[in-house]
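> Sequence:
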Amino acid sequence: MNGKERIQAAMRHQPVDRVPVMCQLALGHYLVNTHIKPVDIWFTSEAFCEALIGLQQQYQFDGILINLPGADPRWMRHVERIETSKDGTQTVLFRNGDTAVCPADDNAHHFPKAGRRLPSLDDVDPTRIYYDEPHGLGGLKYPFHFGLEPYAPDRNDYWPDYLFRTIDMVLQRVGNQVSVHSELFSPWTQLMELFGYENTLMYLLDDPPKLHAILQAYTEGTADLACRQAERGVDAVLISSAFAGGGFISPGQYEEFVLPYERQVVRHLKQRHDIPVYTHTCGKIGDRLELMVETEIDGIDTLDPPPLGTVDL
Numbered sequence: 000m001n002g003k004e005r006i007q008a009a010m011r012h013q014p015v016d017r018v019p020v021m022c023q024l025a026l027g028h029y030l031v032n033t034h035i036k037p038v039d040i041w042f043t044s045e046a047f048c049e050a051l052i053g054l055q056q057q058y059q060f061d062g063i064l065i066n067l068p069g070a071d072p073r074w075m076r077h078v079e080r081i082e083t084s085k086d087g088t089q090t091v092l093f094r095n096g097d098t099a100v101c102p103a104d105d106n107a108h109h110f111p112k113a114g115r116r117l118p119s120l121d122d123v124d125p126t127r128i129y130y131d132e133p134h135g136l137g138g139l140k141y142p143f144h145f146g147l148e149p150y151a152p153d154r155n156d157y158w159p160d161y162l163f164r165t166i167d168m169v170l171q172r173v174g175n176q177v178s179v180h181s182e183l184f185s186p187w188t189q190l191m192e193l194f195g196y197e198n199t200l201m202y203l204l205d206d207p208p209k210l211h212a213i214l215q216a217y218t219e220g221t222a223d224l225a226c227r228q229a230e231r232g233v234d235a236v237l238i239s240s241a242f243a244g245g246g247f248i249s250p251g252q253y254e255e256f257v258l259p260y261e262r263q264v265v266r267h268l269k270q271r272h273d274i275p276v277y278t279h280t281c282g283k284i285g286d287r288l289e290l291m292v293e294t295e296i297d298g299i300d301t302l303d304p305p306p307l308g309t310v311d312l
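For the sequence shown, position 256 (counting from the first letter as 1) is numbered 255 according to numbering that gives the first Met the number 0, and the numbering increases by one without interruption.
Derived from the structure by calculation, the hints contain no laboratory data.
Each hint should be verified, as a subset may be incorrect.
Think about it this way: if two alpha-carbon atoms lie no more than 27 Å apart in a straight line, the pair counts; the simulated DSSO-like pairs of lysine-lysine are [claimed, not checked]:
| hint | residue 1 | residue 2 |
| --- | --- | --- |
| 1 | Lys112 | Lys36 |
| 2 | Lys112 | Lys85 |
| 3 | Lys209 | Lys140 |
| 4 | Lys140 | Lys112 |
| 5 | Lys85 | Lys36 |
| 6 | Lys3 | Lys269 |
Based on the sequences and whatever the hints tell you, model everything.
This is how it looks when you write it as C-alpha cells:
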C-alpha cells in the first residue's frame with residue numbers, strides 16, 4: 000500500500016498493512032527545517048507546496064495537510080518593500096500602509112494601517128458575512144474581502160481561483176501516492192476571530208440571537224468552501240475548530256454554538272461528496288466527545304491526554 004491507499008482504507012475502517020502516520024506540522028517547523036524564506040512560505044503557493052512535500056518526504060508521512068490557502072500569484076503588486084533582519088525575520092511593508100511581520104520560526108502577524116479595528120457586535124450585519132480567511136493577504140477585515148483592495152464579493156462567484164492553487168500543485172505532484180487533506184475554519188473559529196476571543200465570549204451572554212445569525216451565515220460559506228475543496232480532489236477535509244474546547248466554552252455552549260453549525264457543514268459536504276471529514280479542537284475535550292460525535296464527523300484531532308488535555312480513552 001502507498002500512503003494514499005493506507006489512509007483512505009484506515010479512515011473507512013478497512014484493513015491496512017500498517018498504521019498510517021501523518022502530522023500537521025507547525026508553520027514554524029517548516030521555517031526552521033527548510034531553507035525557504037518566511038515571506039515565500041506565507042505568501043506564495045509554490046514555496047508552501049515545496050515545504051509541504053519536502054518534509055512529507057523527509058519524514059515519510061503517509062499524508063499531507065494543506066493548512067494555508069492558495070496565494071495570489073500577483074501579490075507583490077501590493078508591496079512597497081521587504082526588509083530582512085539578522086535573525087531571518089522578514090517584514091513586508093505594503094503600499095496601503097499595512098505591515099506583515101514574518102518571523103523566522105513562527106506564524107506571520109499582519110498589522111493593518113492605523114484606523115482599522117476589530118468590529119463590535121453592533122457593526123456587523125450577518126447578511127454581509129460568508130467566510131472569513133484569517134491567513135489570507137491582509138488578514139481578517141469586515142466586511143471580508145480577499146487581498147488588500149476592498150470589494151464586495153459576489154456569493155455566486157466568491158472564491159478566487161488562486162485560493163486552490165496549493166491544493167492543485169500538491170495533488171499534481173504527489174496526489175497519486177500521498178493522502179492530501181485540505182483545511183477550513185469552522186463557523187465558530189471564524190466568529191472568534193471576527194470579534195476577538197474575549198469579546199466573542201462576552202457576546203455569547205449579551206446577544207445570543209445575533210451570534211446565531213452570524214454563525215449561520217458562516218456555515219453557508221464554510222459548507223460551500225468544503226465542497227469546492229472536495230471538487231479539487233482532496234482525500235479528506237479537516238474542520239479547524241480550535242477554540243471549541245473546555246478552555247473557552249462549556250459543554251452547554253458547545254452544544255448551542257458549535258455543534259449544530261459544524262453538523263450542517265458535514266451534512267452539506269457528505270450529501271455531495273463521499274469523503275471523510277474530521278475536526279481539530281485543542282486541549283480539553285474529554286467532557287464533550289459525545290457531542291463532537293453528534294456533528295457526524297468521521298474523526299477527531301486531537302485526543303490530548305492530561306495534563307495537556309482531558310481525554311482518557
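> It remains to establish, for every hint, whether it holds in the given structure.
Structure-based check of each hint:
| no. | hint | result |
| --- | --- | --- |
| 1 | Lys112 / Lys36 | 24 Å, holds |
| 2 | Lys112 / Lys85 | 25 Å, holds |
| 3 | Lys209 / Lys140 | 19 Å, holds |
| 4 | Lys140 / Lys112 | 12 Å, holds |
| 5 | Lys85 / Lys36 | 13 Å, holds |
| 6 | Lys3 / Lys269 | 20 Å, holds |
Comparing the model with each earlier hint shows no violations; every hint is respected.
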